[in-house]
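**Student:** Listed here are the chains, written in short residue letters.
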Amino acid sequence: MLESVRDLSDASSVTDRDAVGQAMYDLVSELFPICRSITGDGVRQTLAILQRYIPLAISEVPTGTQVFDWTIPQEWNIRDAYIKNSRGDRIVDFRHSNLHVVNYSEPIHTTMSLDDLKPHLFSNSDQPALIPYRTSYYKRAWGFCLPHEQLLALADDQYEVCIDSTLADGNLTYAECFIPGSSEEEILFSCHVCHPSLCNDNLSGISVAAFLAREVASESRRYSYRFLFIPGTIGAITWLARNQALTSRVKHGLVLTCVGDVGGFHYKQSRRGNASIDRTMAHVLRHGAMAHEIRSFSPYGYDERQFCSPGFDLPVGCLMRSVWGEFPQYHTSADDLTFVRPQALAESLRTCVEVINVLEHDRMYRNLTPFCEPALGRRGLYAPAEGHGIGNKNLARLWVLNLSDGAHSLLDIAERSGMRFGDIHEAANDLALNGLLEEASH
Amino acid sequence: MLESVRDLSDASSVTDRDAVGQAMYDLVSELFPICRSITGDGVRQTLAILQRYIPLAISEVPTGTQVFDWTIPQEWNIRDAYIKNSRGDRIVDFRHSNLHVVNYSEPIHTTMSLDDLKPHLFSNSDQPALIPYRTSYYKRAWGFCLPHEQLLALADDQYEVCIDSTLADGNLTYAECFIPGSSEEEILFSCHVCHPSLCNDNLSGISVAAFLAREVASESRRYSYRFLFIPGTIGAITWLARNQALTSRVKHGLVLTCVGDVGGFHYKQSRRGNASIDRTMAHVLRHGAMAHEIRSFSPYGYDERQFCSPGFDLPVGCLMRSVWGEFPQYHTSADDLTFVRPQALAESLRTCVEVINVLEHDRMYRNLTPFCEPALGRRGLYAPAEGHGIGNKNLARLWVLNLSDGAHSLLDIAERSGMRFGDIHEAANDLALNGLLEEASH
Amino acid sequence: MLESVRDLSDASSVTDRDAVGQAMYDLVSELFPICRSITGDGVRQTLAILQRYIPLAISEVPTGTQVFDWTIPQEWNIRDAYIKNSRGDRIVDFRHSNLHVVNYSEPIHTTMSLDDLKPHLFSNSDQPALIPYRTSYYKRAWGFCLPHEQLLALADDQYEVCIDSTLADGNLTYAECFIPGSSEEEILFSCHVCHPSLCNDNLSGISVAAFLAREVASESRRYSYRFLFIPGTIGAITWLARNQALTSRVKHGLVLTCVGDVGGFHYKQSRRGNASIDRTMAHVLRHGAMAHEIRSFSPYGYDERQFCSPGFDLPVGCLMRSVWGEFPQYHTSADDLTFVRPQALAESLRTCVEVINVLEHDRMYRNLTPFCEPALGRRGLYAPAEGHGIGNKNLARLWVLNLSDGAHSLLDIAERSGMRFGDIHEAANDLALNGLLEEASH
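Residue numbers (our numbering), protein chains in the order written: chain E, 23 to 464; chain X, 23 to 464; chain H, 23 to 464.
The set of hints was computed from the structure by calculation and includes no laboratory data. Each hint should be verified, as a subset may be incorrect.
Which copy? The list can't say, so a pair holds if one copy fits it or any two copies do.
Said to hold, decoys possible - In the DSSO-like style, the derived pairs of lysine-lysine whose C-alpha atoms are separated by at most 30 Å in a straight line are:
#1 LYS161 <-> LYS415
#2 LYS161 <-> LYS106
#3 LYS140 <-> LYS161
#4 LYS415 <-> LYS140
#5 LYS140 <-> LYS106
Sequences and hints are given; from them, build the entire structure.
**Tutor:** Encoded structure:
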């Protein structure tokens, strides 16, 4: 699997940022029209497109399967939906936007008065021009979503209402891309694939995860990597129920969502709060150029809710740009292709790559000349510096030597010194090559 | 004992705040005229009045009894005291204010010149209109306190000086109200009863303690409660000396003093600084509507000095509104019935009740479906919320489920979530009733 | 040794601040003209002068000796150096300032054009009027330092260049002043003696260390004291290599440097960050009158780099006034006798003496009446205080009694109470004298 992924990654190197951002955006654009839900063909079509980018193992879990406290629901599929007025005009049309249908609506085809229809119409008076996004997964119901201004303008008429959907026994579908490394220990990335035409909230995470998988596969890695493309909540629960024994291998993880808009980064810590992934994200964001905010864990949000449930307590945080519920486009028709930007997608990918670089290279070393400093100059390891300063390279080497006592990892040293992990890592490499440092066994 | 207290508590429910505040103020008013000291009939009269409110076990400890490093002093009683000028006018009169006599003054009856009298006259030039409060417990002496402006105006005359007091072997008197709960573990409340006509500094604490005892007795409790009405310092030392073995049962405690003025709350932490009572007070005050300040422990103040001495190190803090020594009325005739307010007394009582509610209900639970979230909706435990938010009720349930791993108490969860203890407690109840949570053994 | 030092200390008591400051400044002045380096007669002359103040054990370590990863270099001595123009004028003259010669320059005597000379001339365009200080210890080279404005004005001429130096097998020289105390445990002070005519950067530390040694020797001490006068880096490495077994006795330590200017104090913590010396310095500076700043450890700076290398990890911090590299006079001819002040030297000495006083007297006591407060008044230990306050003396006694549970040292108590160590120490003495406290075994 690793080989085929490598082949795929040749085309667009991550070093070419503009091209990568555009390719990521193109993937979002291609996935945008599909009507996804927590089950059904929308997910399958989405995964089929992703398979052109990365190798995926696709699972189908039958309706009725017990997954922990939950049961896989019936599969939902939809072909068409509309409201026609008495003149036969489609005044609300699924073909125009799949947000018009309450996701998981049961089928209906009938004619009714406006009064009878109104309880099935949903709009948001605060955002009168936008179609809101609404679901009814676990309660059988049907409904339409429409702009509030359209709702107010509806004439007192007889309306033909049609939702050509099916709710029937079938499967829940999800996919994994597993990229083995030299260790069985895993880094997990997860994104949800259950939202219909919403760009930042689901497609951005899918695109970043897919391109990150390509980047990961482009070279040998210490860790194994697992990328999950799963329906929110029920998908995460299903995967955890079927892979419970495997979760002990997950050493670090990130849920990726809302990573395509131009807002600053928001990182939500894992339940542990001080896991390596939490410290690594803080380090990468602190040394990055963009505005960012670290938020502490809360048990509401995306699938970190399940990964961080107390029985698992996995070290999985959540990376976002703008935070769900806090940007006005959230869960509306305005979360569209104009809201996510190629450059923003590329920045999010780059941030994930930097996180991986820290995790891959973080380890403990032992200073082999721990009594006083070694004579760095004699070994050509003391680079001349301008003015009174010592210079970054020299300082990084002194920090690594000083703290490599078998109790401080390179990330610990980067944190204490205030220097970039990359500088500390390079210093450790130089010192190790010169026989001044050896890796400490854990 | 519990039964009779319950009967008493029927009349004025704490829910009727105005009525309760007035009743608390009435008690202060009734106690105000009595000349209390660390021993003597003033304390006995005070306790006799309190017995109309709550059941009290009264102890009399004889003069000369050794209590740790201290000895119970002789009992002091006073009937009258005055200074008369040569025309026979009582220019300083104990009947007008018992603050006029230095508390514990030995008896005297003689005539002397102003010059000879002056060393026995005490005033405060910074507050020239007020009578200061002064004591001489452990050094035999006599004296009068008077407004500085009156002192300055004293004519060069012969004065008849009379203090009709007795200092004689007797007893030190204190009282306890014990309300047994289902556990032997105790919550201790303590207030001093040794100050004469001073309202905030002693009568407010007495009133809050008495009404809190009534409230405690009004329902079954997990903890046993002990309310001490004791003379300051020597009374606390006496109680501790006679009940040393019992102190291991004290799991939480509060000294109540200066809780009747309208200032913001001040909580002085126990010596431990992070005891449950410290965290609980901080939680209650943080979520309350009033200004407040948390102060760290110091070994000076009220009887927390003794409870927190290193041999005991009890988790006992001190709740105040304005802090002794920091309000101008402190230890003067201005700490009178105009300085304490019914509403302020009721607020202090309410704060204590909230503290008790947290302590009573704080415990650890274990999530019985720890792997992923349980399906709350199926159980009717996922209440619909407005907008994108999850709603307080749902969020509290998710927090309780997420952190109920046997290592976090409900107060821990309230602190980490930033939610009110009451919401967290209610969520735990709902989840436990639905079989999703069970109490963890300690 | 202790005796002779005592004799020396009679002349100028530290209590006479002005006289002491002047004496310290006089020592700096006497040492200023000497051309010191990491080896050679400049160090020997410096130590010979110091021997008039304190007893010194002087070590000579031969060229070629291996000290950990380093080798003692050849000894450098210099008699004269100059650049003469074609008219025979000494336009750069070692006799005017020894900074003119790159320290450790190999000998040369030749005539050359300006173009050939220029690669050997060093100046600083940012400080055009000053001679910079430059060394070439471990790379054979020769050079002159001069003001940038002089360099720019040099005519196109033939120049006679002479450095009458020798680089030959010899010794590295350092000195120790050891003052035994009642314990083998040591407090270490270290300063470098390898800089030529630079006042703040080396002579100030030497002067403070010498006068501190006199002060230490003036009375019996609990700790033994060791003062090192050593060449920077190679000297510290040499001492550590030859005294490795002894380092376990070092319980506290300070590197003294740049302690003669009038800037605020800067204390750089030891690698441990929370060692007694770190807490003590913070306490002394916090209660001092002067501006100060605490900086965390970094592995660059003075000889704390070696003392805090991971194999030793000694609790050694670094006391400075202005910080090396941050004041414009640093490593230039402006770090001269006008830059250090008698008063500043005396303040630095006083700060060190206060640090010693804390370290000497910090210990744990046990309250012998731990249950409630003892009756202080009966023992004459409760001093009357003004107003409502308790007074510093009484409060310090209550703090010591409250926290003397065998787990808090006097410094712990001073920190928690916010009181001065001296007050806490005095309280402990008073209580111990009255049988209320006994020293706790560690």
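**Student:** Work down the list of hints and note, for each, if the structure agrees.
**Tutor:** Outcome of the hint check:
no.	hint	in the structure
1	LYS161 <-> LYS415	between (62 Å within a copy, 20 Å between copies)
2	LYS161 <-> LYS106	within (26 Å within a copy, 90 Å between copies)
3	LYS140 <-> LYS161	within (19 Å within a copy, 88 Å between copies)
4	LYS415 <-> LYS140	between (69 Å within a copy, 29 Å between copies)
5	LYS140 <-> LYS106	within (14 Å within a copy, 92 Å between copies)
The structure fails none of the hints (numbered hints given earlier).
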